[in-house]
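Order-wise, the sequence lines are chains B and E.
Take 1 as the starting number for the first sequence in the numbering used here and just add one per residue.
Take 1001 as the starting number for the second sequence in the numbering used here and just add one per residue.
Relax, there's no trap hidden among the hints.
Quick look at which bits of chain E chain B covers, simulated, 3 or more residues with Cβ under 8 Å:
hint, region
1, 1025-1039
2, 1043-1049
3, 1103-1112
With beta-carbon atoms standing in for the labels, derived distance ranges:
hint, chain 1, residue 1, chain 2, residue 2, range
4, E, Glu1058, B, Thr26, 20 to 26 Å
5, E, Thr1016, B, Glu66, 56 to 62 Å
6, E, Gln1082, B, Asn57, 38 to 44 Å
7, B, Arg81, E, Glu1058, 30 to 36 Å
8, E, His1079, B, Lys52, 45 to 51 Å
Treat the hints as calculated values from the structure; they're not laboratory data.
Just so it is clear, CB atoms sit at the ideal spot from N, CA and C, and this is done for glycine as well.
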Amino acid sequence: DAKTTQPTSMDCAEGRAANLPCNHSTISGNEYVYWYRQIHSQGPQYIIHGLKNNETNEMASLIITEDRKSSTLILPHATLRDTAVYYCIVRVAWDEGGADGLTFGKGTHLIIQP
Amino acid sequence: DTEVTQTPKHLVMGMTNKKSLKCEQHMGHRAMYWYKQKAKKPPELMFVYSYEKLSINESVPSRFSPECPNSSLLNLHLHALQPEDSALYLCASSQEKLGGGHQPQHFGDGTRLSIL
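The task is simple: from the sequences and hints, build the whole structure.
Right under this line is the structure:
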């Protein structure tokens, strides 16, 4: 799986959009970008994933650059409950043969300020 | 509330004890996982079970013994652990579909283990 680089920490004001960058310059054509987050004292939570098109769901939006070497997770209206460590993970879709695990990097500690 | 339930939430044990961690899910998922997370570090994969069969063991020491008695349960048996094994142990599950795909993993909130 390709390596990812994320800032160690970021601050964002409550109510504003939080934009979390991820660099994955060695991504392969068959690798997807996944985002998970881990709120303190909880297990990680899946947020969103994408290949090359921008994606949006009820939690967030994922913007992937045209060359796929970087992406940005956007939380449109951050709340205090969004304070967490956000992990960007690049991996292939597992094919027939079974599931494989996730390889977490160090992630970004996002702190939402009141 | 998480759909993956882990018990106990906290466990303190001596190095000579034998204990077990339990994980349960009722979402019909056929892939289950154990991760270990040290303080201020990201989770690290330990084991993967697919259709109740061990498919991945990430070179975990034999003092950790996983078991998947049925499609809803995953256990982690512990014996003769070391102080450096103190960590948060996370269980996760995901669907398995023919042809693979992108099935997000659903995590429990973990068991915090302390070895005296």
